[in-house]
Amino acid sequence: GNSVTQMEGPVTLSEEAFLTINCTYTATGYPSLFWYVQYPGEGLQLLLKATKADDKGSNKGFEATYRKETTSFHLEKGSVQVSDSAVYFCALVISNFGNEKLTFGTGTRLTIIP
Amino acid sequence: EAQVTQNPRYLITVTGKKLTVTCSQNMNHEYMSWYRQDPGLGLRQIYYSMNVEVTDKGDVPEGYKVSRKEKRNFPLILESPSPNQTSLYFCASSLSPGEQFFGPGTRLTVL
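Chains as they are written, first to last, in the working numbering: chain A, 41 to 154; chain B, 2 to 112.
Read the hints as simulated data drawn from the structure, not as lab findings. On a predicted model such as this, the values are computed, not experimentally measured, just so you know. Ideal Cβ placement from N, Cα and C applies to all residues, glycine included. Just to be clear, a hint being listed does not mean it is correct.
Straight-line C-alpha distance at most 20 Å; calculated EDC-like pairs for lysine to aspartate or glutamate [claimed, not checked]:
{"hint": "1", "chain 1": "B", "residue 1": "Lys72", "chain 2": "B", "residue 2": "Glu2"}
{"hint": "2", "chain 1": "A", "residue 1": "Lys92", "chain 2": "B", "residue 2": "Glu100"}
{"hint": "3", "chain 1": "A", "residue 1": "Lys96", "chain 2": "B", "residue 2": "Glu100"}
{"hint": "4", "chain 1": "A", "residue 1": "Lys96", "chain 2": "A", "residue 2": "Glu109"}
{"hint": "5", "chain 1": "A", "residue 1": "Lys92", "chain 2": "A", "residue 2": "Glu82"}
{"hint": "6", "chain 1": "B", "residue 1": "Lys70", "chain 2": "B", "residue 2": "Asp57"}
{"hint": "7", "chain 1": "A", "residue 1": "Lys100", "chain 2": "A", "residue 2": "Glu55"}
{"hint": "8", "chain 1": "B", "residue 1": "Lys19", "chain 2": "B", "residue 2": "Glu80"}
{"hint": "9", "chain 1": "A", "residue 1": "Lys100", "chain 2": "B", "residue 2": "Glu100"}
If you only want the chain A side, here are some residues facing chain B, beta carbon under 10 Å, derived [claimed, not checked]:
{"hint": "10", "residue": "Val44"}
{"hint": "11", "residue": "Gln46"}
{"hint": "12", "residue": "Met47"}
{"hint": "13", "residue": "Leu73"}
{"hint": "14", "residue": "Glu82"}
{"hint": "15", "residue": "Leu84"}
{"hint": "16", "residue": "Lys89"}
{"hint": "17", "residue": "Phe129"}
{"hint": "18", "residue": "Glu140"}
{"hint": "19", "residue": "Thr143"}
Far from chain A by the CB rule (all over 10 Å, computed), these chain B residues [said to hold, decoys possible]:
{"hint": "20", "residue": "Lys18"}
{"hint": "21", "residue": "Val53"}
{"hint": "22", "residue": "Lys72"}
Bound-form chain A, shown alone (with noise of 0.2 Å):
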């Protein structure tokens, strides 16, 4: 089956540090994938994808490359601000034109410390 594995939380920064959140998957298939984030009392958003091999994606100032050969998409930000404190979940989706479901991480806790 599909998973994905995050590391274990939380992580605790200073306001401008380096960031990286490791994230590694096992596929059946060629999947997308994606980091959603989740702030404080809300839903989950989407921040950034990438949907084939060497693809990277970004968004407010987060990076992700898709790593075929290792099976991995660590997110990446060059320096974390205390907005950016929030659960972070790395995913997977298998497009096979039925279930989209997406597949989680266990999410992984950051906390920016000004």
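The hints should help you fit chain B onto chain A, whose structure is shown.
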């Protein structure tokens, strides 16, 4: 504004008392889905619907029902809630695979 709405946002109920959580989207999406979020488990899919009158089970469908009589609405029904259904529930809709719009969530407590 494009959005997915859920009601209620918070609900405390007792074992066995039937309840419905409503979900509505205004984006004309064909695909809708329900997830539950539990600590340490991430989000797990309960049911999904590819279009009106087309629904199917996700990973954890036991104890839940859904219906899709209209494109915009996808209610989640708990016929006889039990304490193990205490969770945070999210409805989502999408236009393309994986790019899902999530509702704000419904926190359900079953005593």
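Out of the numbered hints, which ones does the structure contradict? 5, 12
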